[in-house]
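**Student:** Kindly produce the complete structure, drawing on both the sequences and the hints.
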Amino acid sequence: MRIGVITFPGSLDDVDAARAVRLAGAEPVSLWHGDHDLKDVDAVVLPGGFSYGDYLRAGAIAARSPLMADVVAAAHGGLPVLGICNGFQVLCEAGLLPGALTRNSHLHFRNRDQGLLVERADTAWTTSFEQGQRIVVPVKNGEGRYVAADADLDRLEGEGRVVVRYVDGNPNGSSRDIAGVTSADGRVVGLMPHPEHAVEALTGPSVDGLGFFTSVLTAMVAA
Amino acid sequence: MVVDVVLKPEISDPQGQAVLGALGRLGHTGVRSVRQGKHFVLEVDGEPDEAELRQIAETLLANPVIEDVELHLPARTTD
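From first to last, the protein sequence lines stand for chains Z and G.
Residue 223 is where the first sequence ends in my numbering, and the numbering goes up by one at each step.
Residue 79 is where the second sequence ends in my numbering, and the numbering goes up by one at each step.
Keep in mind that the hints were calculated from the coordinates and are not lab data.
Wrong hints could be hidden among the right ones.
[To be verified] Here are some chain G residues pointing at chain Z (derived, C-beta under 10 angstroms):
1) Leu7
2) Lys8
3) Glu10
4) Asp13
5) Gln15
6) Gln17
7) Gly37
8) Lys38
9) Thr59
10) Leu60
11) Leu61
12) Asn63
13) Glu67
14) Val69
15) Leu71
[Unchecked claim] Rough simulated footprint, nothing fancy, chain G against chain Z, three-plus residues with beta-carbon under 8 angstroms:
16) 57-65
17) 102-114
18) 141-149
We treat Cβ as the ideally placed atom computed from N, Cα and C, and that holds for glycine.
**Tutor:** Structure, rendered in structure tokens:
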């Protein structure tokens, strides 16, 4: 199974994401933002970083890159897509996920190990978890405060679109402690915390993050 | 042509609040609120096309989920 990892100008965590893909048992495939070529991958990861230096808005310019047009079209056809941190910001800017990520309410960059509650264990990226499971993965962002209009938040909650929620403290002031959301079909997931940094005991606070990458293998077998 | 992008009123603006705090420390206690935004100046060839400008503003310069736009077209010159 081939999982693409997109590199934008300013991506930082593409190598870690590729490593997580490999540890999960899939083949990572490097994708370049300026190409129109998804290389026939079975799923796509948008990694963390600071694409285009967060100019204009975090993720805004990357969301309009050539490859993202292909990602949007493929996602509408059911391709599993995972956006991590800056990747989540790109997916919101591209319109694949609802809401927006804004400057942390306390204005500080926050970098710590973060508790999360998995509320959806049936998306393409979370079937390796149990619903209600608590996991710990690093979070590191300056513009990670998830916002949307109250009516939209009510709708998302009603539709069960919140995938993971912050527990043991909200690191950035996100509305309703939302850490990650999914598309209506459960194939596209975005979250601010970094599961790719929690895949090995040597370097991570846990290996909980690996579950996101093993989940999509199961989803592809089932599809 | 000028496009001003401002956060929607319901979106909190921690940067504006930090500026407000600094103003208070400088003795400007009469300032009630600060909202920070972005100011874009666009130069175009030929006559400005308001519909195109609005599209530019609403699809790239601003994120309609969190921001509002204000367009300012130059007054038409009659020489």
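**Student:** Decide, hint by hint, whether the structure agrees.
**Tutor:** Cross-check of the supplied hints:
| no. | hint | in the structure |
| --- | --- | --- |
| 1 | Leu7 | holds (8 angstroms) |
| 2 | Lys8 | holds (8 angstroms) |
| 3 | Glu10 | holds (7 angstroms) |
| 4 | Asp13 | holds (8 angstroms) |
| 5 | Gln15 | holds (6 angstroms) |
| 6 | Gln17 | holds (9 angstroms) |
| 7 | Gly37 | violated (12 angstroms) |
| 8 | Lys38 | holds (8 angstroms) |
| 9 | Thr59 | holds (9 angstroms) |
| 10 | Leu60 | holds (7 angstroms) |
| 11 | Leu61 | holds (7 angstroms) |
| 12 | Asn63 | holds (6 angstroms) |
| 13 | Glu67 | holds (8 angstroms) |
| 14 | Val69 | violated (13 angstroms) |
| 15 | Leu71 | violated (17 angstroms) |
| 16 | 57-65 | holds (count 3) |
| 17 | 102-114 | holds (count 6) |
| 18 | 141-149 | holds (count 3) |
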